[in-house]
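Asks: When you get a sec, could you build the whole thing from the sequences and use the hints?
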Amino acid sequence: MDKTERIAYQVTEVPCSTRPLLYDDGLCIGCNRCASVCQCDILLPSPEKGKHPVVMYPGECYYCGACVMVCPKPGAIRLVHPLMNQAKFVPVKG
Amino acid sequence: MTHTYEWPYANEAGMEETITSDVLVLGGGLSGCFAAIAAARRGQSVVLVEKGATERSGSAGTGFDHWESACTNPCSGVTPEEIANAYVREQDWYSNGIAHYIECREGYDRLLDLESFGGKIRDTEGEFAGAEFRDEETKLMFAYDYKNKFTLRVWGSTFKPALVKEMKRLGVRIMDRTEATALLVSPCGGREEGAGTQEEGPARLRGAGAMGMDVHTGKFYIFRSKATVLCMSRPARVWLFNPDTVGLCEFRPMQSIGSGHAMGWRAGMEFTMMEKSVRAEFSAAGRSFPPYGAGNNHNTWYAATMVDARGVEIPYVDRDGRELSSVSERYYPARGQKFFLKGGVIDNPKYEYRGPETLDFETLMERGYQLPFYADLSRMPEMERKVIWGMMVGEEAKTKIPIYQNYTERGFDPKKHMLQSYGTGWQSANFLEQERQFFGAPGGVMHDWDLKTNIDGIYAAGDQLYASDCAGFACATGYYAGRKAAGCAASQAELPPYQGEDAVAEKKRLLAPLFVKEEEGISWKELNMAISKAMQNYCGGVRCEALLLEGLDLLRQFETEWAPKLTASNPHDLMRIHEVLDILTVSQIVLHASLARKSSSEPLFFKRSDYPQMDPEQDRMHIVIRQENGQVKERRIPLDFFGSLQEEYEKRNQDYMKEVGMRG
Ligand SMILES: Cc1cc2nc3c(=O)[nH]c(=O)nc-3n(C[C@H](O)[C@H](O)[C@H](O)COP(=O)(O)OP(=O)(O)OC[C@H]3O[C@@H](n4cnc5c(N)ncnc54)[C@H](O)[C@@H]3O)c2cc1C
Ligand code: SF4
Ligand code: SF4
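Chains as they are written, first to last, in the working numbering: chain A, 38 to 131; chain B, 19 to 682.
Since the hints were made in silico from the structure, they are not lab data.
Source: prediction; values computed, not measured.
Glycine included, C-beta positions come from ideal geometry on N, C-alpha and C.
Please note that the accuracy of each hint is not assured.
Simulated crosslink set (DMTMM-like; lysine to aspartate or glutamate; CA at most 25 Å straight-line) [said to hold, decoys possible]:
#, chain 1, residue 1, chain 2, residue 2
1, A, Lys125, B, Asp262
2, A, Lys130, B, Asp131
3, A, Lys125, B, Glu341
4, A, Lys110, A, Glu85
5, A, Lys130, B, Asp466
6, A, Lys86, B, Glu30
7, A, Lys130, B, Asp520
8, B, Lys157, B, Asp131
9, A, Lys130, B, Glu331
10, A, Lys125, B, Glu331
11, A, Lys125, B, Asp466
12, A, Lys130, B, Asp378
13, A, Lys125, B, Asp326
14, B, Lys669, B, Asp658
15, A, Lys88, B, Glu24
16, B, Lys535, A, Glu50
17, A, Lys110, B, Glu427
18, B, Lys669, B, Asp466
19, A, Lys125, B, Glu427
20, A, Lys125, B, Glu380
21, A, Lys125, B, Glu299
22, B, Lys616, B, Glu451
23, B, Lys583, A, Glu85
24, B, Lys237, A, Glu50
25, A, Lys125, B, Asp131
26, B, Lys526, B, Glu544
27, A, Lys130, B, Glu299
28, B, Lys526, B, Glu646
29, B, Lys543, A, Glu50
30, A, Lys130, B, Glu375
31, A, Lys130, B, Glu384
32, A, Lys125, B, Asp431
33, A, Lys130, B, Asp431
34, B, Lys583, B, Glu537
35, A, Lys86, B, Glu24
36, A, Lys130, B, Glu380
37, A, Lys130, B, Glu341
Computed footprint of chain B on chain A; a stretch qualifies when at least three of its residues, placed anywhere within it, have a C-beta under 8 Å from a C-beta of chain B [what the hints assert, rightly or not]:
#, segment
38, 59 to 67
39, 80 to 86
40, 91 to 97
Replies: In structure tokens form, the structure reads like this:
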């Protein structure tokens, strides 16, 4: 298998129509807990130490919220549904 | 703008390691964790292989809110026999009697285990003190049938981390970010008996472990074991695919696409009911909303008050059509009824088991109710409102952050707002007939009373079993399979042999897409898209021989001409590619199973235009299929092959009964 060793891995962000995660640079401490808990493995540690992970595969997000649940800094990461999935609610009727 | 990055993990493509254990568990969801714990408790060395990260992986990674069939909890008004047999009858015997009985009989023991590991199963703080659904003595909380109290409301978000902690304490070696890709199986001479049929049984095979790869580094693994438990859930993305928001295509997590089925099929494992699929109910990539995130009155939201566009309340009725006047009555059996069934796989129950429900859609239209409908919790007693919005929505998977926190941030207040319902059912979705899904007790691995497959030394549990159900089912069958696998492992002095050439071939297969140049290749998404379109065209709502054969022909073409063109530039893409190749295999299983059943069937949601007769007596059978030397073989097994549930269980589980007896 020496052939393989010559193949360098590469990764390119795969954009999609939605943006599931929003990071707050001011709050995030770059601990990568969100990346290590994500079962879909859509987040990769940032090449810059101390920065939040890169959302490499946003389209593969399962919207489970585990990344937000594990984050030690409330507000550093937020999960947002695609616009089409924002269910409507209205005031109750008398 | 997109950026290209250096891969942040090591490059170990081409490297290889052999890892040995007594018991190998593939898949670290609820069933896998419990299988590992059962085997470790019996002194066996255990390796658990998980593609994601066990801490929050699987369907129940972020939680679940109700635990079904806890028939042995101290408040229960029903017996395991009553509920397991009710499921069997409700599902017209296309039901997993064995697994359901295990769930009914042992499920509550697993809940006590979870509590001892640090999970929360009762209202210890008295948050719901005085509520009708709470037992003041045990502090257990119940859902659905408040009289018989066999479904528990639980704090499922606390469970997965607790299981991981316990596995570590027991010395289980957890290998996260490792994808199992194939089983190690060798023939061991002779044939199995044809279990109650004249047909030839399958060739006797012996499992010797599995193979796989690290999805961060590309390293190849050979896992040798004395016994193996398959806990890789059920297939998905066979008919439903959206290349843009892939993670939202299906109800179960993106990781769960039926790898266990695919590797089993390649190894000669038997499957049943794979012809069963239902019109899709969930795909938030298009036709539905985030689960539990739209107005409805089922499952997590049972029994929410529903109103129409004018704010007029929609009545609940009992099974006899009698309108119920209070919220409380929604949680009690009808007059003359002992208990009712509700939960994950109960859709349109028979009269015998039907519980309170809102009037059906047609009647509502006739009576002038107006769309859209809403769930209006403001009209419910405080405890019922608080338990739905805040506990159930919160502990249910994918709700704590995506629904509870998100909607709260958007300003939703259940005392002031009502949440819209879409379409006409609880799914808040409108799918086409050919958009299908494995839902409501779909097909899967065939097994015996030990949850052993037809391959010696290989067991299965949870959603990977045929006609599987829910979280309690997964935990109970996981533990049971782990216990039986431990027994199997303990009886062997040596690791079974495997064929070295199988490992060489698998390693080559796994890494091949790295060598296909991007410009000359195709992506995994293109293949998944093509498969799901093919399955909608050739294996949709109505099937017939010629169509199914064309479908098989096309999938074979995908396999020979297109699969070798798949290209990957890192182990993540490699993982996605092998998932889609597994989906391709699963799709073929579905086509073969559909060809094998030469009649139509209501309980299986299966329509053949060339064999329109519904459920003829001679086909009220498990039509079990497997693959042997490239040929598809089938045999028929009676639907009631499991025999008397209590008797057969007790014959085989005296040791466990003693253990529990000593504890209790
Ligand atoms: C949103 C949602 C809500 C639910 N709510 C409830 C509820 O309230 N009550 C209830 O009873 N049930 C509920 N269920 C169902 C219940 O969660 C599942 O039936 C149960 O968790 C199944 O457990 P499992 O171990 O069989 O599979 P899973 O928990 O899905 O685990 C399968 C594991 O296998 C791993 N895997 C897959 N392929 C591979 C591979 N090739 N190699 C290695 N690992 C692999 C996956 O990553 C995953 O971790 C819900 C399900 C969902 C999706
Ligand atoms: S919501 Fe779930 S799938 Fe999406 S990034 Fe967070 S952990 Fe991963
Ligand atoms: S877990 Fe929170 S703090 Fe840590 S990297 Fe992620 S967002 Fe930042």
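Asks: Let me make sure I understand: some of the numbered hints might not hold for this structure. Which ones are they, in numerical order?
Replies: Violated hints (numbers, rising): 2, 3, 5, 7, 11, 23, 25, 27, 38; every other hint is consistent with the structure.
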